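Undergrad: The residues making up each chain are set out below.
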Amino acid sequence: NAGVTQTPKFRVLKTGQSMTLLCAQDMNHEYMYWYRQDPGMGLRLIHYSVGEGTTAKGEVPDGYNVSRLKKQNFLLGLESAAPSQTSVYFCATGLAGTDTQYFGPGTRLTVL
Amino acid sequence: GQQVMQIPQYQHVQEGEDFTTYCNSSTTLSNIQWYKQRPGGHPVFLIQLVKSGEVKKQKRLTFQFGEAKKNSSLHITATQTTDVGTYFCGWNTDKLIFGTGTRLQVFP
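Just so you know, the sequences run in chain order A and B.
Going by our numbering, the first sequence opens with residue 1213, and the numbers climb by one from there.
Going by our numbering, the second sequence opens with residue 131, and the numbers climb by one from there.
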């Protein structure tokens, strides 16, 4: 039982490059979330999903896209990376009808 | 719009001293959650408070939800070096929003 896993753990990109971050969960949770964490800014919600095939925008969605083709996976895409997207990205999951969230270990992304 | 402030931003204490962090909202909250994030780690759920005036304890940690459900506090009695980390409150609107966190440093 791995819980919530994130791939990759670290990544360095050049400005303009694209990449996809993968979040996978084996807890059968309906809800999945992507956050970014910057110093002094706390956790800010990028996009979230309340079920397979559905996604919605969070507080800071610009420059990111997401997909939830399978219940257990939630992908976060950066089409054209910018230095402002340098951050630590956390995925989280939760059961429908509850507010508790379970976080993955994070992906540290640097955009040069 | 709704504003929630978490204070203080930083707190340095000597081991054995107490510590408190607060979340204060301009509007009534339906519930509040508390998370802990160790340095280099990820947020981990600690507790959820739902009822007005609710108080919950976990060993040396005491969580309170105000009578008006506009504020909450996390109090740690006799801090230990294992308490080091950032403590976040979170509240639910149509999605979970987090405070900016309080970073606790404990000196031995």
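It is worth saying that the hints were derived from the structure and are not from the lab.
Owing to the predicted nature of the structure, the values given are computational and were not obtained by experimental measurement.
Watch out, some of these pointers could steer you wrong.
Stated by the list, open to error - Heads up, incomplete: computed chain A residues facing chain B, CB under 7 Å, no partners named:
# : residue
1 : D1311
2 : F1315
3 : P1317
As the list claims (entries may be wrong) - With beta-carbon atoms standing in for the labels, derived distance ranges:
#  : chain 1 : residue 1 : chain 2 : residue 2 : range
4  : A       : Q1229     : B       : F237      : 27 to 37 Å
5  : A       : S1292     : B       : E197      : 25 to 35 Å
6  : B       : P138      : A       : G1289     : 33 to 43 Å
7  : B       : G183      : A       : Q1229     : 49 to 59 Å
8  : B       : P238      : A       : L1281     : 44 to 54 Å
9  : B       : Q188      : A       : A1214     : 19 to 29 Å
10 : A       : D1250     : B       : I137      : 32 to 42 Å
11 : A       : N1277     : B       : T223      : 17 to 27 Å
Said to hold, decoys possible - Here are the simulated SDA-like cross-link-like pairs (lysine to any residue), alpha carbons at most 20 Å apart as the crow flies:
#  : chain 1 : residue 1 : chain 2 : residue 2
12 : B       : K225      : A       : A1294
13 : B       : K166      : A       : P1317
14 : B       : K186      : A       : T1310
15 : B       : K225      : A       : Y1276
16 : B       : K225      : A       : R1223
17 : B       : K225      : A       : R1280
Backbone N, C-alpha and C fix where the C-beta goes; we use that ideal spot for every residue, glycine too.
Undergrad: Evaluate each hint against the coordinates.
TA: Evaluation of the provided hints:
1. D1311: For D1311(A), the interface hint holds, since the closest Cβ of chain B sits about 5 Å away, which is under 7 Å.
2. F1315: holds (4 Å)
3. P1317: Hint on P1317(A): holds, closest Cβ of chain B at ~5 Å, below 7 Å.
4. Q1229(A) to F237(B): 27 to 37 Å: 43 Å Cβ-Cβ, so the 27 to 37 Å window is violated.
5. S1292(A) to E197(B): 25 to 35 Å: violated (50 Å)
6. P138(B) to G1289(A): 33 to 43 Å: Holds - the Cβ-Cβ distance for P138(B) and G1289(A), about 37 Å, lies within 33 to 43 Å.
7. G183(B) to Q1229(A): 49 to 59 Å: Given a distance of about 52 Å, which is inside 49 to 59 Å, the answer is holds.
8. P238(B) to L1281(A): 44 to 54 Å: holds (49 Å)
9. Q188(B) to A1214(A): 19 to 29 Å: Given about 26 Å between the Cβ atoms, the range holds.
10. D1250(A) to I137(B): 32 to 42 Å: At roughly 19 Å between Cβ atoms, I137(B) and D1250(A) fall outside 32 to 42 Å, so the hint is violated.
11. N1277(A) to T223(B): 17 to 27 Å: holds (23 Å)
12. K225(B) to A1294(A): violated (27 Å)
13. K166(B) to P1317(A): Holds, because 13 Å separates the two Cα atoms, which is no more than 20 Å.
14. K186(B) to T1310(A): holds (18 Å)
15. K225(B) to Y1276(A): The hint holds at about 18 Å.
16. K225(B) to R1223(A): violated (28 Å)
17. K225(B) to R1280(A): holds (18 Å)
The structure fails hints 4, 5, 10, 12 and 16 (numbered hints given earlier, in ascending order).
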